[in-house]
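Number of protein chains: 2
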Amino acid sequence: MRALSLRAIKSDALLEEVEQPVAGVDEVVVKLQAASLNRRDYWITQGLYPGIVTPLILGSDGSGSVHAVGENVSDWAPGDEVVIYPSAQWGENEAVQDSEFTVLGMPENGTFAEFVKVRSSQLFRKPAYLDWVETAAIPVAGLTAYRALVVQGQLKPGRRVLITGIGGGVAVFALQFTLATGSEAIVTSSSTEKIERALNLGAKAGLQYTEANWGKRLLKEHGPCDLIIDGAGGPGYGDLVNLLKPGGRLISYGSTAGRSEKLDLFKIFWRQLHLIGSTLGSPADFEALLGFMEKHQIKPVIDQQVPLAEGPKAIADMRDAAQFGKVTLEI
Amino acid sequence: MRALSLRAIKSDALLEEVEQPVAGVDEVVVKLQAASLNRRDYWITQGLYPGIVTPLILGSDGSGSVHAVGENVSDWAPGDEVVIYPSAQWGENEAVQDSEFTVLGMPENGTFAEFVKVRSSQLFRKPAYLDWVETAAIPVAGLTAYRALVVQGQLKPGRRVLITGIGGGVAVFALQFTLATGSEAIVTSSSTEKIERALNLGAKAGLQYTEANWGKRLLKEHGPCDLIIDGAGGPGYGDLVNLLKPGGRLISYGSTAGRSEKLDLFKIFWRQLHLIGSTLGSPADFEALLGFMEKHQIKPVIDQQVPLAEGPKAIADMRDAAQFGKVTLEI
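Sequence order for the protein chains is X and L. Counting from 1, one number per residue, gives the positions in the first sequence under my numbering. Counting from 332, one number per residue, gives the positions in the second sequence under my numbering.
Simulated from the structure, these hints should not be mistaken for lab results. As the structure is a prediction and not an experimental result, all values here were calculated from the model. For each residue, glycine too, the CB sits at the ideal point set by N, CA and C. Some clues are possibly wrong.
Distance condition first, Cα-Cα at most 25 Å in a straight line; then the derived DSS-like pairs of lysine-lysine [unchecked claim]:
#1 X/262 to L/547
#2 L/576 to L/593
#3 L/598 to X/267
#4 X/267 to L/593
#5 X/262 to L/576
#6 X/245 to L/593
#7 L/487 to L/630
#8 L/593 to X/216
#9 X/262 to L/598
#10 X/245 to X/204
#11 L/535 to L/547
#12 X/156 to X/267
#13 X/262 to L/593
#14 X/31 to X/313
#15 L/598 to L/547
Covered stretches of chain X, as calculated for chain L (at least 3 residues, CB under 8 Å) [as the list claims (entries may be wrong)]:
#16 91–99
#17 248–260
#18 264–274
#19 277–287
In isolation and in its complexed conformation, chain X is listed as follows:
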């Protein structure tokens, strides 16, 4: 089969002919129709995770049809249309993933291929209202956004939500989910173009975080927020705390800008703030996500759709985080 394979870290993935996987006990082989990219894929090519073993087929997100089922698999049959939950090892604890947790596409071979082998428990029915590409855009980014907003953030209607770094897959899903919930979304970006796109999607306001005192302007023009969804962290993290209402929540799903340099703990205990970390989501969260999206008929925002052969360049381009929404692969 054809697959995007990483031969060595600090190199681009290559479109190669590799062996097709075979379903073992409790396993299913899915014939992929589409996949989507995450910054994780780029970071893996750069060797930014420990213990990367090559050759490796990249890719965490995929949609397709069941091709073959292994022993013991009774709930799926060839031809079933599915979307893949991107981990086989969340574990039993809803509060946090197991220590054995991994994400599809490293160390296990991923979805940038014609076929992928997963546990049968990783399969969920493809939403009927979405096409293959839209479905493949959901898993990692949609699940991360859903858990951050709804599970950790406990989003309710009528709230004010700040989503930093709009454009990234998680942030754009978070914007869509916030609006679907009946809450107000304010976004930040360094790019006026991305802010414009967020406003077109229904964001109430957008601020450039490169502007001095953007936080003070946000407070003055809109008031403090109930919930902040942040994937950057870094020196600006401590300032986000100032933008929360008393009792508010700041959910971190990443720290692309590094560690926080200062934190006024007086504000945190006096205002009874919650600073919460969130990673991906459990299978139960994934099921809830799919139900939530279907109920609100939410369609993922696709930035661009490329054929598998153009995947290596698209992965390398993830470095710049220039996209708005998801970059998808047609397989």
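Given chain X's structure and the hints, the job is docking chain L onto it.
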């Protein structure tokens, strides 16, 4: 009546003869039998809160009998034995206190007096299994510990809880409540004597936070914690994060050591940690606290009991935080 009155900030309180309060609409005058000190009382004498207006009767914690009831008060009658919930303005939101929130003893006259005037809604029945002094030891410290541990910390049986700075009123209640819940408590202090007292109360282990690498030793000898209750913050706050299990909670009820200087956000999002601020507790929390204490027959740890006349010195001594448990006033 006699009362400990603060005439000017940066001075000691004085035992003075002042006018007895009169109950207005919805109000009750309580004849106090006992009160207890908090570090807050010392900080008020030092002018460390904004907007202190003198003269002021200090004191947030008190037990006594209803002396007189104002108009509209039908649920309390003279002679009823009560403990006072220390705020009239928590508000309607269980998640956080109202912006009008104040604590008894500043700006409203407090409990270091023969009589105090409060809202009738602030009164709760004195626990029958406790004496006046034990009852007066509960409100601020017991409530702060209960909310931090049980409401924000969601403590369950069989957990490992780290309580920093053992000796302070909140920390000692947190130790007692942790043990009553059927969880394991580990404490820190700079004082070997305080650690010894905590071990006698049932703590599993105690570490001197002045020891280099005490955190690494804790991890090696006991393993990571489900819950940390911290009132210090400061440069060591970021290191506390390393002592949590995945999914664990770090609850801050104070920041006597100042702001946090660094925070590894990767650990926070990857381990799905919860860093939560907690202040005092709602009236509903207070009711739950009293029920919890009665169920487990918990008696507050009294460090020393002094007569009202010796209150000014006892307040000044709070500066050194040398006590283990509560300092109480007999009135």
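Return the numbers of the hints above that this structure violates; sort them in rising order.
-> Violated hints: none at all, because every hint is consistent with the structure.
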